[in-house]
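Undergrad: Residue numbers (the numbering used here), protein chains in the order written: chain L, 21 to 186; chain D, 199 to 833.
Note that these hints are calculated values from the structure, not bench results. Possibly wrong hints are sitting among the right ones.
With a cut-off of at most 25 Å between alpha-carbon atoms, the simulated BS3-like pairs for lysine-lysine come out as follows [stated by the list, open to error]:
id : chain 1 : residue 1 : chain 2 : residue 2
1  : D       : Lys680    : L       : Lys171
2  : L       : Lys171    : D       : Lys295
3  : L       : Lys172    : D       : Lys810
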Amino acid sequence: MATASMTAEKLHNFSKVCEILDKFDRLPSKIIPILQAVQEEYRYLPEEILTFVATSLGISPARVFGIATFYSHFSLEPKGKYIIKVCDGTACHVKGSSGLIETIERELSLSEKVRTTPDLLFTLETVSCLGACGLAPAVVINDKVYGQVSKKQMKELITEYKAKED
Amino acid sequence: METLEKIKENFENKKACLSHSIIICAGTGCIANGAMEVHAALAQIIKEKNLPLTLTLKEELPETDKDPVLLSKSGCQGFCQVGPLVTIEPDKILYIKVKPEDARDIIEKTILQGEVIDRLLYEEPSTGKSCRNHQEIPFYTRQSRTVLKSCGNIDPEDIGDYIHTDGYKAARDMIMNKSSQEVCDIMQEAGLRGRGGGGFTTGRKWELALKQDSDAKYIICNGDEGDPGAFMDRSVMEGNPHSVLEGMIIAAKACGGTEGQVYVRMEYPLAVERINKAIEEARAMGYLGKGIFGSDFDFDIFVMEGAGAFVCGEASAMTESIMGRRGMPRVKPPRTAEKGLWGKPTVVNNVETLACVPLIINMGEKVYKTTGTSGSPGTKTFALTGHVVNTGLIEVPFGTTLREIIFNIGGGVLNAKGEIDNDDFKAVQIGGPSGGCLIEEHLDIPLDFDSLKSVGAMVGSGGLVVMNKSTCMVQIARFFMKFTQSESCGKCVPCREGTRQILELIDEVTQGHGSQESLTLLEELCETVGETSLCGLGKSAPSPVLSTLKQFRSEWDAHVNDKHCPTGNCKDLVSYSIIADACKGCTACVRVCPVDAISGNRKEAHIIDENKCIRCGACVETCRFEAITVGGNNE
Chain L
21 MATASMTAEK LHNFSKVCEI LDKFDRLPSK IIPILQAVQE EYRYLPEEIL
71 TFVATSLGIS PARVFGIATF YSHFSLEPKG KYIIKVCDGT ACHVKGSSGL
121 IETIERELSL SEKVRTTPDL LFTLETVSCL GACGLAPAVV INDKVYGQVS
171 KKQMKELITE YKAKED
Chain D
199 METLEKIKEN FENKKACLSH SIIICAGTGC IANGAMEVHA ALAQIIKEKN
249 LPLTLTLKEE LPETDKDPVL LSKSGCQGFC QVGPLVTIEP DKILYIKVKP
299 EDARDIIEKT ILQGEVIDRL LYEEPSTGKS CRNHQEIPFY TRQSRTVLKS
349 CGNIDPEDIG DYIHTDGYKA ARDMIMNKSS QEVCDIMQEA GLRGRGGGGF
399 TTGRKWELAL KQDSDAKYII CNGDEGDPGA FMDRSVMEGN PHSVLEGMII
449 AAKACGGTEG QVYVRMEYPL AVERINKAIE EARAMGYLGK GIFGSDFDFD
499 IFVMEGAGAF VCGEASAMTE SIMGRRGMPR VKPPRTAEKG LWGKPTVVNN
549 VETLACVPLI INMGEKVYKT TGTSGSPGTK TFALTGHVVN TGLIEVPFGT
599 TLREIIFNIG GGVLNAKGEI DNDDFKAVQI GGPSGGCLIE EHLDIPLDFD
649 SLKSVGAMVG SGGLVVMNKS TCMVQIARFF MKFTQSESCG KCVPCREGTR
699 QILELIDEVT QGHGSQESLT LLEELCETVG ETSLCGLGKS APSPVLSTLK
749 QFRSEWDAHV NDKHCPTGNC KDLVSYSIIA DACKGCTACV RVCPVDAISG
799 NRKEAHIIDE NKCIRCGACV ETCRFEAITV GGNNE
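Let the hints inform the model, and build the full structure from the sequences given.
TA: Dropping the structure here:
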């Protein structure tokens with residue numbers, strides 16, 4: 021749980037957020053890039069930070085929450101260390117992305133409701149299209165793209181990433 | 199300021215000094231297949247052989263007695279299926295599926311000895327003929343790459359390379375020698391129509407913005423390509439970012455734009471990076487900022503990263519998002535060209551549209567009009583994917599038939615086993631969530647904005663997904679509806695509630711609870727949502743459902759009347775069983791079944807307990823004797 025405690029530590033330190041706010045001149049119109057930068061730092065949008073951001077920009081927390089929940093890139097829940105994005109674009113879909121999703125759900129005991137493993141190691145996300153349709157079905161783990169992934173390969177990838185942590 | 203001609207000449211001089219150029223495709227597809235490792239391996243061997251190496255023509259070439267080798271990275275070359283691609287100039291050789299282990303041979307044999315390595319050449323699957331380069335590969339020869347021409351040839355991170363292909367000349371000419379009205383007229387005359395989907399005439403949009411009286415006007419490049427199954431905008435932004443910037447500068451000249459915004463999906467990190475680099479370079483050269491090209495015209499461009507909302511591809515929603523709000527569309531008129539970002543006139547153009555603009559000016563509007571059809575001049579890029587031999591990015595003149603695209607450029611249809619089998623063609627989905635499915639009888643229609651509309655489909659963003667007979671069309675309809683339902687912004691009731699109800703009706707069908715009445719209701723609901731929704735997302739959301747209902751009625755009927763999914767894709771309508779005669783009792787299936795639904799003694803036929811089975815298909819994949827069948831419930 022090293023990651024979780026690290027996040028908690030950061031939470032009480034708003035200096036990083038202030039840096040981000042200053043970088044965007046504390047302009048309310050820059051709220052989306054600000055939230056993107058905040059999320060990059062914490063891997064999700066902690067509630068306290070959202071309120072802090074709202075107050076700093078002089079806009080209502082409701083507006084900030086409204087934006088944070090509207091855009092699918094933002095998450096109010098902590099995400100795992102490894103984010104597995106399965107592309108479910110048309111090309112990937114017809115080439116079997118749903119099978120990959122099922123495999124991951126089974127391997128990591130995830131479901132449509134539970135998308136992050138309790139040890140905060142993996143988060144499963146489906147994305148509409150990664151724009152790598154020639155590689156269908158495609159999977160991205162953090163920044164690494166894997167193309168033409170089979171169910172078997174998916175299993176092996178999960179084992180590989182798990183092994184990195186042992 | 200150094201003139202474009204001088205920069206071009208310098209670049210040419212440097213190019214002439216090279217012994218070889220090795221261009222590695224560094225598009226997303228090739229990078230995923232290991233292009234960077236190939237690049238590193240080639241650099242390593244070049245160093246080992248003591249050859250002078252240069253990674254860019256931006257800097258001075260190394261001073262040696264031997265001519266240096268250029269090792270550069272390009273944007274997507276389109277043929278993603280067989281990447282990583284390596285092109286060698288001036289020998290004009292294209293190597294495919296290159297691995298780091300091949301680096302030594304490429305340097306030792308091709309670069310040093312001038313030998314062609316046969317095993318790395320593309321082999322035409324139907325004829326077995328080896329193709330030495332782009333000029334011999336049917337995938338390329340049957341296209342007419344115009345917008346994509348430089349993608350994959352030039353170094354996207356070197357403005358000099360873009361200028362070398364006559365880049366920024368059109369922008370300079372328009373700014374120095376033409377009036378705004380004249381620029382609008384050129385586009386009108388060329389008949390360029392927006393490539394984002396709707397096909398609105400670009401020149402008319404610009405003219406509308408020009409006529410507005412305002413102290414500020416904005417040019418937005420719509421790079422929020424959210425359509426599943428489309429990636430041409432991504433490739434242009436990654437492969438030739440300067441062409442997009444140049445298009446924006448010309449658009450700014452045409453309507454008096456003061457500031458530009460490139461709205462890019464954050465899922466496209468490489469595109470964001472390359473566009474940012476291009477803006478910096480263009481600014482440093484004086485092509486952006488104050489007094490561009492030494493004129494009194496000011497224009498600068500900034501990048502905004504989207505945060506994952508499909509509806510933001512709609513112009514009015516996009517302006518909301520840039521202003522830091524929820525991206526919800528509004529009622530039109532006024533059009534965004536009249537009242538957009540911060541209430542000022544705003545032109546929103548698609549990436550591909552903007553990339554066309556400098557090309558049209560350079561070739562002349564009359565020449566441009568000679569390709570394509572009379573209503574839709576020019577070429578269109580399509581992302582060809584799905585069950586087809588050659589997947590990738592293609593560009594063809596409007597008016598090309600689907601038959602040519604699928605069977606000649608695409609190389610034919612793949613069946614469920616992955617073999618070429620043109621009889622296995624079932625449908626092609628065109629235009630993403632706003633488009634529709636076309637079948638055999640549509641294969642010879644010349645593709646353009648108007649002909650597609652007349653058969654209930656749409657050019658849309660240009661996604662072309664080929665499907666073979668193993669595809670369930672009800673599931674395809676469900677797939678698109680699920681997408682639009684989850685991407686609906688929720689502002690208007692028909693879209694928010696209507697798409698949800700459509701999805702539920704489809705679910706009823708796939709789960710075996712549907713009836714003819716569900717289908718009638720579905721059609722009515724689709725028509726209502728289409729007619730009453732606020733923006734394009736809701737208006738076109740029912741299209742994929744309506745088009746499958748029309749083209750594949752019998753398949754829908756089978757789902758509701760017989761509770762049977764003909765392709766075996768709808769899990770609730772199929773059952774798994776083991777053919778006793780074929781089963782060897784190897785227990786492989788028992789071991790992979792996640793719910794212990796399979797039982798039986800070793801070396802004896804096994805059985806599946808249908809009540810326990812979750813229909814995951816793991817057993818079918820594992821069985822080496824093809825002893826497990828997937829059938830309809832009623833069979």
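Undergrad: A separate judgement is required for each hint: does it hold in the structure or not?
TA: Checked hints:
1. D:Lys680 with L:Lys171: 23 Å, holds
2. L:Lys171 with D:Lys295: 23 Å, holds
3. L:Lys172 with D:Lys810: With Cα atoms ~23 Å apart, L:Lys172 and D:Lys810 stay inside 25 Å; holds.
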